[in-house]
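Q: Sequence:
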Amino acid sequence: MAEAPRLVIGVDFGTTYSGVAYCDDAGAKEGTSGIQIFTSWPGITNSNATNEKVPSRISYEADGEIKWGNKIRYNTRRAVHSCMKLKLDQETGDIAAELEKLTLDGMGFSKRDVLGLCADYLSELHKVVERSLQDQYGDALLPTLRKKYVVTVPAVWSDRAKDLTMKAFNKAAGIAADEICLVTEPEAAALYTLKQMMEGPNKSEIEVGDVFVLCDAGGGTVDLISYKIAQIEPLRIEEAAVGTGDKCGATFVDKYFLVWLEKWIGSERFNKIPPDKTRHGSQLMNSWEATKFNFTSREEEWDVQLPRECGVEDNEELNIQDRVLTLDSRQMKKIFEPVINRTLELIQGQVDAVQNAGLSKPKMVFVVGGFGRNPYLYEQVQVYCLGTGMKARQPKFPWSAVVRGAVICGLELVQDHSVASRFARKCYGTSADPSWDASKHHRDDFYIDKYDGSHRAKGQMKWLVVKGETLPDRNPKSISIDLVRHIRRHEPARCWGVLYSFQGETPPQRRSGADTQLKKVCRIEGDLTNLPLSSFIQHTTKKTGEPYWVVDFTLLAIFSGTGITWQCLYKGEAKGSVVQGEKSAPPTREIARDFGNHPPP
Numbered sequence: 006m007a008e009a010p011r012l013v014i015g016v017d018f019g020t021t022y023s024g025v026a027y028c029d030d031a032g033a034k035e036g037t038s039g040i041q042i043f044t045s046w047p048g049i050t051n052s053n054a055t056n057e058k059v060p061s062r063i064s065y066e067a068d069g070e071i072k073w074g075n076k077i078r079y080n081t082r083r084a085v086h087s088c089m090k091l092k093l094d095q096e097t098g099d100i101a102a103e104l105e106k107l108t109l110d111g112m113g114f115s116k117r118d119v120l121g122l123c124a125d126y127l128s129e130l131h132k133v134v135e136r137s138l139q140d141q142y143g144d145a146l147l148p149t150l151r152k153k154y155v156v157t158v159p160a161v162w163s164d165r166a167k168d169l170t171m172k173a174f175n176k177a178a179g180i181a182a183d184e185i186c187l188v189t190e191p192e193a194a195a196l197y198t199l200k201q202m203m204e205g206p207n208k209s210e211i212e213v214g215d216v217f218v219l220c221d222a223g224g225g226t227v228d229l230i231s232y233k234i235a236q237i238e239p240l241r242i243e244e245a246a247v248g249t250g251d252k253c254g255a256t257f258v259d260k261y262f263l264v265w266l267e268k269w270i271g272s273e274r275f276n277k278i279p280p281d282k283t284r285h286g287s288q289l290m291n292s293w294e295a296t297k298f299n300f301t302s303r304e305e306e307w308d309v310q311l312p313r314e315c316g317v318e319d320n321e322e323l324n325i326q327d328r329v330l331t332l333d334s335r336q337m338k339k340i341f342e343p344v345i346n347r348t349l350e351l352i353q354g355q356v357d358a359v360q361n362a363g364l365s366k367p368k369m370v371f372v373v374g375g376f377g378r379n380p381y382l383y384e385q386v387q388v389y390c391l392g393t394g395m396k397a398r399q400p401k402f403p404w405s406a407v408v409r410g411a412v413i414c415g416l417e418l419v420q421d422h423s424v425a426s427r428f429a430r431k432c433y434g435t436s437a438d439p440s441w442d443a444s445k446h447h448r449d450d451f452y453i454d455k456y457d458g459s460h461r462a463k464g465q466m467k468w469l470v471v472k473g474e475t476l477p478d479r480n481p482k483s484i485s486i487d488l489v490r491h492i493r494r495h496e497p498a499r500c501w502g503v504l505y506s507f508q509g510e511t512p513p514q515r516r517s518g519a520d521t522q523l524k525k526v527c528r529i530e531g532d533l534t535n536l537p538l539s540s541f542i543q544h545t546t547k548k549t550g551e552p553y554w555v556v557d558f559t560l561l562a563i564f565s566g567t568g569i570t571w572q573c574l575y576k577g578e579a580k581g582s583v584v585q586g587e588k589s590a591p592p593t594r595e596i597a598r599d600f601g602n603h604p605p606p
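So the number in our numbering is just where the residue sits in the sequence shown, counting from 1, plus 5.
The set of hints was computed from the structure by calculation and includes no laboratory data. Note that the structure is a prediction, hence the values are computed from the model and not measured. It cannot be assumed that every hint is accurate.
[Unchecked claim] Heads up, simulated SDA-like pairs for lysine to any residue below, C-alpha to C-alpha not over 20 angstroms straight-line:
id	residue 1	residue 2
1	576	525
2	401	32
3	200	35
4	547	493
5	72	200
6	176	134
7	396	351
8	338	366
9	366	401
10	172	129
11	368	397
12	525	563
13	368	353
14	472	417
15	260	291
16	76	294
17	482	429
From just these sequences and the hints, can you work out the full model?
A: Structure (structure tokens):
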């Protein structure tokens with residue numbers, strides 16, 4: 006019996022805007038042109054608006070009604086929540102807080118948690134998508150399609166944030182875990198850009214061994230990563246440098262515009278403008294938005310409509326007539342300057358990282374993202390590339406490159422791994438209590454085991470993967486962790502370990518006293534309760550003679566570029582189950598005996 010046709014749905018849940026794309030098996034035969042973008046978002050009032058994406062904002066009315074996306078007007082009196090995505094990751098919380106200060110809308114999260122806010126927003130988005138798909142495929146065909154959701158996440162997303170993203174989608178639409186997969190935003194954008202180039206006249210520019218920098222300039226951040234082309238048919242790429250990024254997206258241009266505007270018209274006039282009229286969606290910011298995204302390096306004049314409250318109708322000295330402020334190119338370049346300079350610094354940083362790794366200089370810089378479609382930004386990247394012997398390239402749809410690439414990833418997942426290898430973003434390791442060695446262990450870690458009276462060092466770290474290490478997808482790194490668990494009579498035969506991550510360059514050797522960059526990723530639990538106590542070796546405690554049993558087990562960690570998978574082995578066989586969660590493990594008596602490399606089972 007033939008398999009049902011596939012329908013791949015890509016979702017780019019963005020900081021400031023979100024997008025959805027889809028493609029079925031028939032459309033896949035048309036290449037990148039067969040990918041469809043959702044554009045019928047509710048609440049659109051501007052006929053000239055670009056509908057490739059919908060604002061990532063949500064608000065709750067007093068009666069509980071949800072307003073989201075374009076339905077939220079600038080003059081709403083209810084709290085408007087934005088930057089929700091960034092708050093899923095504790096490590097990007099400072100970015101979210103800073104963005105909220107930039108008149109983005111953030112007015113506190115009231116009593117709703119971040120996961121709930123994200124789930125509510127994604128639920129509204131999912132309803133629109135489902136209705137649109139129903140209209141296109143019909144009630145009879147749609148349920149028969151094999152649907153796969155591909156959700157994009159930042160390259161630097163923590164493991165906890167990835168888990169919360171999956172939970173938000175599950176809570177929003179009841180989508181099962183096996184119907185969702187995650188892909189990083191730069192990977193998706195890179196694959197889309199390369200695919201589109203291979204379908205067009207620029208195909209000859211792409212050769213095996215070429216290195217390119219992907220610059221994803223979005224609303225809040227500019228994120229970069231470098232890739233090397235490993236194979237053309239089918240297309241395979243591998244990371245050439247660890248991803249980097251900074252808070253210098255389009256929203257920060259808005260910040261510098263408002264700072265400039267206050268200086269230009271004076272603080273007294275500027276402070277008369279109500280806060281809601283400097284929010285995104287207000288007349289002022291809509292006018293500025295159009296000017297910002299059309300700005301080029303050409304010597305022209307650029308108009309912005311000012312709100313009535315600033316009290317300036319006509320002022321020849323300030324270039325204001327009928328409340329329309331006219332800026333010249335010099336003033337516009339000054340507003341853009343901090344963001345442009347920082348973006349070029351980040352690109353140069355990637356070039357340096359690639360060459361420091363012993364690879365050839367990048368051949369091209371791909372510019373994508375909402376801010377990446379800005380003509381002035383792209384022109385400045387072109388000028389930079391011209392001066393450094395590289396080429397700048399931009400796909401046909403730079404703003405939706407990520408979500409279009411997500412669909413490409415979904416269509417190709419069943420064929421091959423498009424990204425051959427990735428770099429580890431962090432160090433990963435476990436903690437154990439080996440036999441005490443006064444010559445190398447800290448005296449504060451000494452303790453006497455209450456079971457056998459042995460001298461041990463608590464909380465010694467063993468690092469399994471180091472930051473920057475290459476993690477191939479096809480031949481993942483597999484490490485076995487031999488551990489011991491002591492259990493008493495009537496205690497369940499469960500064994501566990503905790504996986505830790507470290508963001509810095511030099512990971513600590515002991516858990517106690519480590520800096521804040523050492524974080525718990527998850528608890529891995531193996532369930533051996535289906536085995537009788539007679540399966541284990543019986544001992545008695547040294548002090549009381551109370552019986553206990555020694556459980557020797559192995560946690561097998563398989564590290565690939567896409568994540569970490571686990572198995573719990575007992576006497577070489579997979580037993581019980583492995584549970585990954587956010588809970589910290591209770592005090593344990595595991596003893597690390599050997600951290601040897603083994604091939605995957």
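Q: Output the numbers, in ascending order, of every earlier hint that fails for this structure.
A: The structure breaks hints 1, 5, 8, 9 and 14; every other hint is satisfied.
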